[in-house]
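Given the sequences, and given the hints that come with them, work out the whole structure.
Chains as they are written, first to last, in the working numbering: chain A, 1 to 70; chain B, 1001 to 1291.
Derived from the structure by calculation, the hints contain no laboratory data. There may be inaccurate statements among the hints.
[What the hints assert, rightly or not] Label-pair restraints from in silico Cβ distances:
hint, chain 1, residue 1, chain 2, residue 2, range
1, B, Asp-1277, A, Ile-19, 34 to 42 Å
2, B, Ser-1038, A, Thr-24, 20 to 28 Å
3, B, Lys-1113, A, Glu-26, 42 to 50 Å
4, B, Glu-1270, A, Met-59, 54 to 62 Å
5, A, Leu-49, B, Leu-1143, 44 to 52 Å
6, A, Phe-16, B, Lys-1173, 33 to 41 Å
7, B, Ile-1039, A, Ile-63, 33 to 41 Å
[Unchecked claim] Pairs of lysine-lysine, BS3-like flavour, derived with a Cα cap of 30 Å:
hint, chain 1, residue 1, chain 2, residue 2
8, B, Lys-1166, A, Lys-42
9, A, Lys-42, B, Lys-1027
10, B, Lys-1265, B, Lys-1170
11, B, Lys-1173, B, Lys-1265
12, B, Lys-1187, B, Lys-1265
13, B, Lys-1170, A, Lys-42
14, B, Lys-1235, B, Lys-1170
15, B, Lys-1076, A, Lys-41
16, B, Lys-1170, B, Lys-1110
17, B, Lys-1113, B, Lys-1265
18, B, Lys-1187, A, Lys-41
19, B, Lys-1190, A, Lys-42
20, B, Lys-1166, B, Lys-1113
21, A, Lys-41, B, Lys-1027
22, A, Lys-42, B, Lys-1279
23, A, Lys-41, B, Lys-1190
Quick reminder that beta carbons are idealized off the backbone N, C-alpha and C, glycines included.
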Amino acid sequence: MNFPLSFWDISLWLAFTAIILLITSEIISPFYGKTKILINKKRLRNVALVMGIIFLITMVIRIYGIITSI
Amino acid sequence: MLKTRKEMPTQVSHKKRTFLYKINSTKIVSLFLLSLGSIALTFSIIYASSVLAFIGLGLVFWGAITLYITPEKYVKQILLDSTIIPSLTNLNLILTELGYQGKAIYLPPKYLKDFETSKVYISKDKNTSLPTPEQIQEYENRLLVRNTQGISQGILLTPPGTRLMKLFEKTLKTSFTKMNLEHLQQKLPKLFIEDLEIAEDLEIQIINSSVQSIQIKNNSISIRITNSIYKDIHKEAEKLSHICCTIGCPICSAIACAMVKTIGKPITIERTQTSEDGKVIEAYYEIIDEN
Chain A
1 MNFPLSFWDI
11 SLWLAFTAII
21 LLITSEIISP
31 FYGKTKILIN
41 KKRLRNVALV
51 MGIIFLITMV
61 IRIYGIITSI
Chain B
1001 MLKTRKEMPT
1011 QVSHKKRTFL
1021 YKINSTKIVS
1031 LFLLSLGSIA
1041 LTFSIIYASS
1051 VLAFIGLGLV
1061 FWGAITLYIT
1071 PEKYVKQILL
1081 DSTIIPSLTN
1091 LNLILTELGY
1101 QGKAIYLPPK
1111 YLKDFETSKV
1121 YISKDKNTSL
1131 PTPEQIQEYE
1141 NRLLVRNTQG
1151 ISQGILLTPP
1161 GTRLMKLFEK
1171 TLKTSFTKMN
1181 LEHLQQKLPK
1191 LFIEDLEIAE
1201 DLEIQIINSS
1211 VQSIQIKNNS
1221 ISIRITNSIY
1231 KDIHKEAEKL
1241 SHICCTIGCP
1251 ICSAIACAMV
1261 KTIGKPITIE
1271 RTQTSEDGKV
1281 IEAYYEIIDE
1291 N
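Encoded structure:
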């Protein structure tokens, strides 16, 4: 009954998601043809940045692990 | 009894409608994604499946994202235009009928008892000097400013951009009275472009500038607003003689209210002009030297 994803898997997933969200938040248009789905561009960008920062934290943890293991 | 029986279904259907309104389609989708993702994550732990874990993680993430990024309520711009223009037309009509010919002067906080409000003064005749702060304060909560003989010499109005200026202050989390002109020059473009998304670009230029942080010696300020959401209102306001070149459209008025609080001197909107395609609005403000 363990969670099947490792720390490294989550880190990779975070990297992909952060990139996708950042690109989306930058290219998304503020004017919408149809207003059924409304997106707050600023919040989307904030989420993307938070995901990116979390990914960087995982990277720091990983590097720290490599350095201390030597 | 009959009356209560009749009212009951109406109340129930109203509540149902309110509930459906509150939980709109986007929320339903995001809640569905969240629950499906949670189920997938639970099964991934039970069956130790990484594929299910990725699916679950993705679904939970997108469910949470859609819930977080969609709470803003948008209205069509045409509604904004239709709501504001009639009140501007009425204001123009009132000023024309009453025969107030003076230039609208935006009053700084020292002219008012309540520092948070904004008022604009229009004199009865052209080229009349501005009354003293004490005189204005006496008539602050009234419409007409009277002289010692009781004859009306001017009118005190709440400018059309007051609430918008309050919104600027609320968004900036500060009062314009605490800023100087350089600060305003830096803060307003970001507020217009990024925070409130009112316009694509805003430039503030101080003409004949010799600003030394607090002591302002310049007497004219120009602004250039590109592709503002108020461009149609401004175009309509140009047809109204008392609005366009005196009080100003809501956006020009809001900027005037902000400037007057920052500078602490009376301001007039000298002239405004629009580009041929209507996308660029230029407004020129004149700072009145009281001495």
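Checked hints:
1. Checked against the hint of 34 to 42 Å, the C-beta distance between Asp-1277(B) and Ile-19(A) comes to roughly 37 Å, which is consistent with it.
2. As the Cβ distance of Ser-1038(B) to Thr-24(A) is approximately 24 Å, the hint placing it in 20 to 28 Å holds.
3. Hint check: Lys-1113(B) to Glu-26(A), Cβ distance near 48 Å, so the stated range 42 to 50 Å holds.
4. A hinted range of 54 to 62 Å holds for the C-beta pair Glu-1270(B) and Met-59(A), which are about 57 Å apart.
5. For the hinted restraint 44 to 52 Å between Leu-49(A) and Leu-1143(B), the CB-CB distance of approximately 51 Å keeps it satisfied.
6. The hinted window of 33 to 41 Å between Phe-16(A) and Lys-1173(B) holds, with their beta carbons roughly 36 Å apart.
7. Distance hint for Ile-1039(B) and Ile-63(A): a CB-CB separation of about 36 Å, consistent with the stated range 33 to 41 Å.
8. With a CA separation close to 22 Å, the supplied pair Lys-1166(B) and Lys-42(A) stays within the 30 Å bound.
9. Between the alpha carbons of Lys-42(A) and Lys-1027(B) the distance comes to roughly 19 Å, so the proposed pair stays at or under 30 Å and holds.
10. The suggested pairing of Lys-1265(B) with Lys-1170(B) holds, with an alpha-carbon distance near 22 Å, which does not exceed 30 Å.
11. This hinted pair checks out: Lys-1173(B) and Lys-1265(B) have alpha carbons roughly 23 Å apart, not beyond 30 Å.
12. Restraint check for Lys-1187(B) and Lys-1265(B): the C-alpha separation of about 20 Å stays at or below 30 Å, so the hint holds.
13. Restraint check for Lys-1170(B) and Lys-42(A): satisfied, since their Cα atoms lie roughly 18 Å apart, inside the 30 Å limit.
14. For the hint pairing Lys-1235(B) with Lys-1170(B), the CA-to-CA distance comes to about 28 Å; that is within 30 Å, so the pair holds.
15. Under the criterion of a C-alpha separation no larger than 30 Å, the hint pairing Lys-1076(B) with Lys-41(A) is consistent with the structure, at around 17 Å.
16. A hinted pair counts as satisfied when its Cα atoms are at most 30 Å apart, and Lys-1170(B) with Lys-1110(B) qualifies at roughly 21 Å.
17. Between Lys-1113(B) and Lys-1265(B) the alpha-carbon distance is near 16 Å, which keeps this suggested pair within the 30 Å criterion.
18. Between Lys-1187(B) and Lys-41(A) the alpha-carbon distance is near 20 Å, which keeps this suggested pair within the 30 Å criterion.
19. Simply put, Lys-1190(B) and Lys-42(A) have alpha-carbon atoms about 13 Å apart, close enough for the 30 Å limit, and the pair holds.
20. For the suggested pair Lys-1166(B) and Lys-1113(B), the alpha carbons sit about 17 Å apart, so the restraint of at most 30 Å is met.
21. At roughly 17 Å between alpha-carbon atoms, Lys-41(A) and Lys-1027(B) fall within 30 Å of each other, so this suggested pair holds.
22. Proximity of Lys-42(A) to Lys-1279(B) is assessed by CA-CA distance (about 24 Å); at most 30 Å being required, the pair is judged to hold.
23. At most 30 Å may separate the alpha-carbon atoms for a hinted pair to count; Lys-41(A) and Lys-1190(B) meet this at roughly 15 Å.
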